[in-house]
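Participant: One line per chain: the protein sequences are R and S, in this order.
For the first sequence, our numbering gives the first residue as 1, with consecutive numbering after it.
For the second sequence, our numbering gives the first residue as 126, with consecutive numbering after it.
Simulated from the structure, these hints should not be mistaken for lab results.
There's no promise every hint is true.
Calculated lysine-lysine pairs in the DSSO-like style (CA-CA distance at most 27 Å, straight line) [claimed, not checked]:
1) K141/S x K75/R
2) K271/S x K236/S
3) K75/R x K220/S
Pairwise CB distance ranges, derived in the manner of DEER restraints [what the hints assert, rightly or not]:
4) K209/S x K44/R: 24 to 32 Å
5) H71/R x E201/S: 37 to 45 Å
6) S276/S x R105/R: 21 to 29 Å
7) K77/R x T192/S: 48 to 56 Å
Derived list of chain R stretches under chain S, where covered just means 3 residues or more per stretch with a C-beta under 8 Å from a C-beta of chain S [what the hints assert, rightly or not]:
8) 12-21
9) 25-38
10) 64-77
Beta carbons are placed, not taken as given, at the ideal position from N, Cα and C, and that holds for glycine.
Residue strings, one per chain:
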Amino acid sequence: MIAGLPQADKSLFHKPDLFTLFTVIIGYRQHLRVVGNSMERTLKEGDLVIYKKLNKKNIDLKIGDIVVASHPITKNKLIIKRIHRIYQNKFDLRGDNSLASTDSRELGLIELDLIIGKVDKIFPK
Amino acid sequence: MLSETLKSIFNKLPAKSVHAHCDGPCGVYDPASARVAAEAVLSMTKKLIALAPAGNDQASISAYNNTFSRFVAIKEEESQKAKKELLILWTDYFKPEHLATYPDLHDTFWKAAKLCSACKVNIDQAKAEELLAAVQKIHSMFWSSKGRSDSWVTAS
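Excised from the complex, chain R in its bound form (with noise of 0.2 Å):
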């Protein structure tokens, strides 16, 4: 294990299901393709992740938790991240990565609102 990463979680790690195919087809969940390293050892370049949209029902977000935003610089560029620390409606967010990753260390803490997801799987390339 590289010092300073935290292990992979692996609870999120499934393969490709028909149920999840179909949440996804109907638009109940989003996938997106990994592009980067700054999630290693959790997600690799090219992973496949699955997320929830959030909404007023289902804002749970966690310490742990790996979500999906719009990056709070550069219009229109998805970023993924862990939830680090959560000051109120303000999210630390951070890369598994720590050596390779922009996140709230120089971006600062992330506004609830840019928050769009929490991802809930993990299809590995």
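Given chain R's structure and the hints, the job is docking chain S onto it.
Facilitator: What follows is chain S alone, placed relative to chain R:
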């Protein structure tokens, strides 16, 4: 079998990208590295122009050749270093949105990189001074893009 088929279907679904990367491995950028290299190029160019053999004897000629070669090697090395540092700023730090504020950004970097090459190939004090001026302009663009106005201080 089923999971492989599903995996293949998922892989064929058009998927947007989500970024798990950093703007730079360390996020630390500073035109100071380019400035130091450009200063060294100018310094070595001046020294080369001023260099002359102490005499016509073999020992003086040998000493001259040795010093001349060393100065040229350092000038070329620092020119290459300046170019590398400028290219890092150009391609990694500056983003398309900076073009709105600095419409001549590409032209400035392109000319500065060309000056690095000219300084590497020739012993040309005017070009070396132009290079340092170009680096100063980039220094100003860089720090103003960060909302700071760090003054231009040279080492020599």
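Participant: Return the numbers of the hints above that this structure violates; sort them in rising order.
Facilitator: none
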